[in-house]
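Taken in sequence, the protein lines are chains A and B.
Heads up, the first sequence is in the numbering used here, so the first residue is 60 and it goes up one at a time.
Heads up, the second sequence is in the numbering used here, so the first residue is 1245 and it goes up one at a time.
Hints may contain errors.
FRET-style restraints, in silico, Cβ to Cβ [claimed, not checked]:
id: 1; chain 1: B; residue 1: G1296; chain 2: A; residue 2: K103; range: 23 to 31 Å
id: 2; chain 1: B; residue 1: Q1258; chain 2: A; residue 2: R68; range: 30 to 38 Å
id: 3; chain 1: A; residue 1: F74; chain 2: B; residue 2: I1257; range: 19 to 27 Å
id: 4; chain 1: B; residue 1: E1261; chain 2: A; residue 2: N87; range: 27 to 35 Å
id: 5; chain 1: A; residue 1: K111; chain 2: B; residue 2: S1251; range: 35 to 43 Å
id: 6; chain 1: B; residue 1: E1249; chain 2: A; residue 2: T85; range: 49 to 57 Å
id: 7; chain 1: B; residue 1: E1261; chain 2: A; residue 2: N129; range: 43 to 51 Å
id: 8; chain 1: A; residue 1: Q73; chain 2: B; residue 2: S1270; range: 23 to 31 Å
id: 9; chain 1: B; residue 1: S1270; chain 2: A; residue 2: F132; range: 19 to 27 Å
id: 10; chain 1: B; residue 1: S1251; chain 2: A; residue 2: R126; range: 34 to 42 Å
id: 11; chain 1: A; residue 1: D118; chain 2: B; residue 2: S1251; range: 40 to 48 Å
id: 12; chain 1: A; residue 1: D118; chain 2: B; residue 2: L1302; range: 31 to 39 Å
None of these hints come from the bench; they were simulated from the model.
From the three backbone atoms N, C-alpha and C, an ideal C-beta is built for every residue, glycine too.
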Amino acid sequence: DAMVIQNPRYQVTQFGKPVTLSCSQTLNHNVMYWYQQKSSQAPKLLFHYYDKDFNNEADTPDNFQSRRPNTSFCFLDIRSPGLGDAAMYLCATKTWVESEKLFFGSGTQLSVL
Amino acid sequence: TQLLEQSPQFLSIQEGENLTVYCNSSSVFSSLQWYRQEPGEGPVLLVTVVTGGEVKKLKRLTFQFGDARKDSSLHITAAQPGDTGLYLCAGASNFGNEKLTFGTGTRLTIIP
């Protein structure tokens, strides 16, 4: 059974049209992450939540926002997508108490036309 | 900024051959992980190494953490087509630290 679920798997949007990607988890983990991964590159951390505490990476553009209304759900909002924002967006979770293991979702592949 | 460099970036070998992938940094990590990622999927954890010099085996895969905890290697014996994927190392600077630093990745292709 999937434990970190991302919807949709594929998302197409238009240049400048806001888009929201969603992530849900059944693991009750404290920490949730959003990563951006471009083709054959390493995942790049955009931001993460420890419970409701939001932590933004210094080089994450303002165009990217996030919401975590409760433990189970986290959203990535891209306010004005550009062509350079086309990528795989990965959600991951981790429990603070236990090991370093991250549980990843299957990702959302975003295309910008 | 902590950086993890992986080499080689791309590797294509015949089924049955052996290979080694390297993950190097100038920074010390409290633990290091290896992930494998298949196209269209998220990365899946293979192993975590914690102690300097530690060696862990997972079937045909052997993982080693450097004595100084700055580098790691992944050795695959008798590679199979199912080993094809993107291999990522990731380091944590402190236990329980929320952030992992991912390596640059090695794209491995095993040719039947």
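Hint check results:
no. : hint                            : result
1   : G1296/B with K103/A: 23 to 31 Å : holds (28 Å)
2   : Q1258/B with R68/A: 30 to 38 Å  : holds (33 Å)
3   : F74/A with I1257/B: 19 to 27 Å  : violated (41 Å)
4   : E1261/B with N87/A: 27 to 35 Å  : violated (43 Å)
5   : K111/A with S1251/B: 35 to 43 Å : holds (40 Å)
6   : E1249/B with T85/A: 49 to 57 Å  : violated (36 Å)
7   : E1261/B with N129/A: 43 to 51 Å : holds (49 Å)
8   : Q73/A with S1270/B: 23 to 31 Å  : violated (43 Å)
9   : S1270/B with F132/A: 19 to 27 Å : violated (38 Å)
10  : S1251/B with R126/A: 34 to 42 Å : holds (39 Å)
11  : D118/A with S1251/B: 40 to 48 Å : violated (25 Å)
12  : D118/A with L1302/B: 31 to 39 Å : holds (34 Å)
Checked against the numbered hints given earlier, the structure breaks hints 3, 4, 6, 8, 9, 11 and satisfies all the rest.
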